[in-house]
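Visitor: Which chain is which? The protein sequence lines are D and V, in order.
Each position in the first sequence, counted from 1, maps to that position plus 6 in our numbering.
Each position in the second sequence, counted from 1, maps to that position plus 5 in our numbering.
Keep in mind the hints are simulated off the structure, nothing from the lab.
Values in this document were obtained by computation on a predicted structure and should not be read as measured data.
Any given hint could turn out to be false.
What the hints assert, rightly or not - Beta-carbon label-pair distances, calculated as ranges:
1. D:W165 / V:P370: 38 to 44 Å
2. D:N100 / V:D270: 38 to 44 Å
3. V:P323 / D:L314: 56 to 62 Å
4. V:T316 / D:L28: 17 to 23 Å
5. D:G129 / V:Q228: 48 to 54 Å
6. V:R372 / D:L314: 52 to 58 Å
Here a beta-carbon is modelled for each residue, glycine too, at the ideal position from N, C-alpha and C.
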Amino acid sequence: MSMIALFGKNSGTVRAQQNRELLLLAGFLVVIWAITTALSPRFLSPANLSDILLQAAPLGFVVIGQMIVIIVRGLDLSVASIMATVAVLSIGLNDNTVVIFAVGILLGALIGGINGYLVAYRGVTPFLATLATMIVLQGIRFAYTGGAPGGTLPDTFRWLATGDLFGLPVALILLGLVAIAAHWLLEHTVYGRRLKLYGDNPDAAYMTGAPTRLLVVSAFMMSGVLAGLAGLVLVGYVGIVDNWTGRGYELDSIAAAVIGGAALSGGKGSVPGVLLATLVLVSLFNIVVILGLSIELQLVIKGSLILLAAAVYMRRSRR
Amino acid sequence: MSEPVLAARALSKSFGPNDVLKGIEFEVHAGASVALCGENGAGKSTLIKLLTGLYHPTSGHVEFNGNQEDWSSPRASLDAGIAVVHQEFSTIGALSVAENIFLDAEPLTRFGLIDRKALVSRTEALLDKLGIHLPARSLVDELSVADKQMVEIAKALRSDARVLILDEPTAVLSQNETRHLFKIINELRARGLGIVYVSHRLDEIFEICTDITVIKDGVVTSQGPVADYSHDTVIAAMVGRELGNLFPEKPHGAEAGIPMLAVRDLVVADGVPPVSFEVKAGEILGLAGLVGSGRTELALAIYGAEAVSGTVLIEGEPLDYRSPSNSIDAGILMLTESRKDDGLFLNSSVARNFAATTPGHGVHPARVAIGHEEARARVMKDRFGVVVDNVGLPISALSGGNQQKVLIARLLENRPKVLILDEPTRGVDVGAKSEIYKMLRHLADEGMAILAISSELIEIVGLCDRVFVMRDGELAAELMSQEISEEAIMSVAAAETSSHHGVASNG
Chain D
7 MSMIALFGKN SGTVRAQQNR ELLLLAGFLV VIWAITTALS PRFLSPANLS DILLQAAPLG
67 FVVIGQMIVI IVRGLDLSVA SIMATVAVLS IGLNDNTVVI FAVGILLGAL IGGINGYLVA
127 YRGVTPFLAT LATMIVLQGI RFAYTGGAPG GTLPDTFRWL ATGDLFGLPV ALILLGLVAI
187 AAHWLLEHTV YGRRLKLYGD NPDAAYMTGA PTRLLVVSAF MMSGVLAGLA GLVLVGYVGI
247 VDNWTGRGYE LDSIAAAVIG GAALSGGKGS VPGVLLATLV LVSLFNIVVI LGLSIELQLV
307 IKGSLILLAA AVYMRRSRR
Chain V
6 MSEPVLAARA LSKSFGPNDV LKGIEFEVHA GASVALCGEN GAGKSTLIKL LTGLYHPTSG
66 HVEFNGNQED WSSPRASLDA GIAVVHQEFS TIGALSVAEN IFLDAEPLTR FGLIDRKALV
126 SRTEALLDKL GIHLPARSLV DELSVADKQM VEIAKALRSD ARVLILDEPT AVLSQNETRH
186 LFKIINELRA RGLGIVYVSH RLDEIFEICT DITVIKDGVV TSQGPVADYS HDTVIAAMVG
246 RELGNLFPEK PHGAEAGIPM LAVRDLVVAD GVPPVSFEVK AGEILGLAGL VGSGRTELAL
306 AIYGAEAVSG TVLIEGEPLD YRSPSNSIDA GILMLTESRK DDGLFLNSSV ARNFAATTPG
366 HGVHPARVAI GHEEARARVM KDRFGVVVDN VGLPISALSG GNQQKVLIAR LLENRPKVLI
426 LDEPTRGVDV GAKSEIYKML RHLADEGMAI LAISSELIEI VGLCDRVFVM RDGELAAELM
486 SQEISEEAIM SVAAAETSSH HGVASNG
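Chain D extracted, bound-state conformation (with noise of 0.2 Å):
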């Protein structure tokens, strides 16, 4: 089937729509993993396609986050930075495992708290918000640590990003746990229902008894919660705590929730597509690599990917 046959026309039902989608970017992931396995055999060894699940794990807790958010057509830029200082501060101030994901989870709440109520109630467009929080907590990071983060990796901490379980790595196992919960969250609750009718028309939402505010107040807060998580799964993938930790995953998760189906003008989104997504972003980052292309080619190809995706949806979505 080609491109146009698959999204040529809005026809069949909403459903038919979204599993088009998701086949397309499982078709395209095929297609990319096919050609380069076809130039270096070594992409298909164990070895690099462990390495490849095991960065995809952090940015996808972010990218379902990011994906909730963008539902309700919101925009959270500050997610990088609340997993440097979810890391810096929970990590600074306790060696435990279970206090550090505790206090990292009560953290990324608290901050996505603070940018869904100014979004909410406050009328803040969400990127000014997030975007100012960014920066705040930039701020408060360099002072807590005062430019050199330090702080000690238990070594359950390790394990969690990098370790086995039942012959699975451990974060990824993580991941799925999260993945299952959001979609269930977001497809089986009045909940989720109410999310995705909010984005579809936030007014509409308001006069069928949706409580609007905290449906969005909620969903920068699972962002925040994400966030954290991905920044602590990613500090003990790569072993030490740093001020920039998930620099650029903001752009990315954004990158990644728009080629996986989420529509910045809110109402879709999907976990399966969106992790589809993330696959396909970390894939490209490691094809480069395998190719032995030059790293700047990684920036180039993510933009002509979010330009392709773009003309895809738009397509569909003209009427």
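Dock chain V against chain D, hints included.
Guide: Frame of chain D, contents of chain V only:
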């Protein structure tokens, strides 16, 4: 008599199978002002769009200065000298008066930049000529509604217009502001402009116009000098027609039930006296009035979508904290005026639109069972005769009438005690209208209290057991069963008012 400056000759316009205008003959002479009267949907705005080139006629033609014209665009008719001031303003608040008036026709310096000095001096000259007193440099945001309209008029007349078309120009003006507008219209007329004046307010028409043209159902029903008319003859020409059996029969002499909804001292806007009334079980109460008379504001206030003071009671029980969500829980459901703005979720399926107020209905308070919304929607589709192949299709794929049925069906999922319906048949074809009327009567018979707002008088008259006519945010008159007629409603709604409050115009 001299040749008309603007005329329609056997002008007809069809959209698909619908004939909106049929063989319209219409003339405007220099120095005359012609009132264009008719109910909503009679075809007034279509005629204006044909005269100004926004639409092209199906047959017949437009004549300007004696020449047959087929405008390529509204811009062409504007350049030729037909100026229009629409009901909705097009001023840009962040620009000055001068910048607004000469928007996209700014005088330029030889470097291609805007010549600010010339812009201001030309604006001042124009305003002076028109007798409008406004500072050219003020921001339009800082002006009153009336002054914004003056900016619109000045903008329309910035080049030498021969005809000025005003669409409901006084809908948002106070009485003093209306006086000032009339003074300017008379001066323009004295200078030889032809005026086309669209208004529902008959007093104004008799004051400012020299001729009257009445349109009904796309046909000119009456035409002549204003001196030949009285209020009654204009109204008769506007509304005279058969009701037929579009409407279900009203219950005769049946006693309505207990008060289901009661409104006590609701203050909808500043300076408007508080409103109190009741709607009984089994009753369809109509809210009539002109656009901007405050009908929608009152409905939104009862529904809790706008913050107001006063009390709303359901079966005698006052509701405390007011919000749509709270109203829904208490059994008040509302159909909003504009489907697209705040009714439909256009990217979502028919099933999800239908289940929007009650996604988990009947199974679990927080969970949505797989396929449950679709199953419910299929039952709804059969029961309400919604024409759609698959309830999983996006609701945007449905016709207006079918969308409206889904929205009404959605309200009923919450087992309402009170239904508030703002324009229940807007943009719905006649067949679907009749079905909706039958449905509403049936619901009333089952004991629901219904509050219906409509701009279509025929709908109010045909459907309602009792009618309040609103004017300037007040309940100006209450009409009971036999008193309800289009004439009675119009004579109250269009009466000149003693005071004006500038109620927002989205009524």
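Visitor: For every hint, state whether the structure bears it out.
Guide: The hints, checked one at a time:
The hint said 38 to 44 Å for the Cβ distance between W165 (chain D) and P370 (chain V), and at roughly 40 Å that hint holds. Taken as a hint, the range 38 to 44 Å is violated for the pair N100 (chain D) and D270 (chain V), whose Cβ atoms sit roughly 59 Å apart. P323 (chain V) and L314 (chain D) have their C-beta atoms about 58 Å apart, which keeps the hinted 56 to 62 Å range intact. For T316 (chain V) paired with L28 (chain D), a C-beta distance near 52 Å fails the hint of 17 to 23 Å.
Range check, G129 (chain D) to Q228 (chain V): about 52 Å between beta-carbon atoms, so the 48 to 54 Å window is met. A hinted range of 52 to 58 Å for the beta carbons of R372 (chain V) and L314 (chain D) is inconsistent with their spacing of about 37 Å.
The earlier numbered hints that this structure contradicts are 2, 4 and 6.
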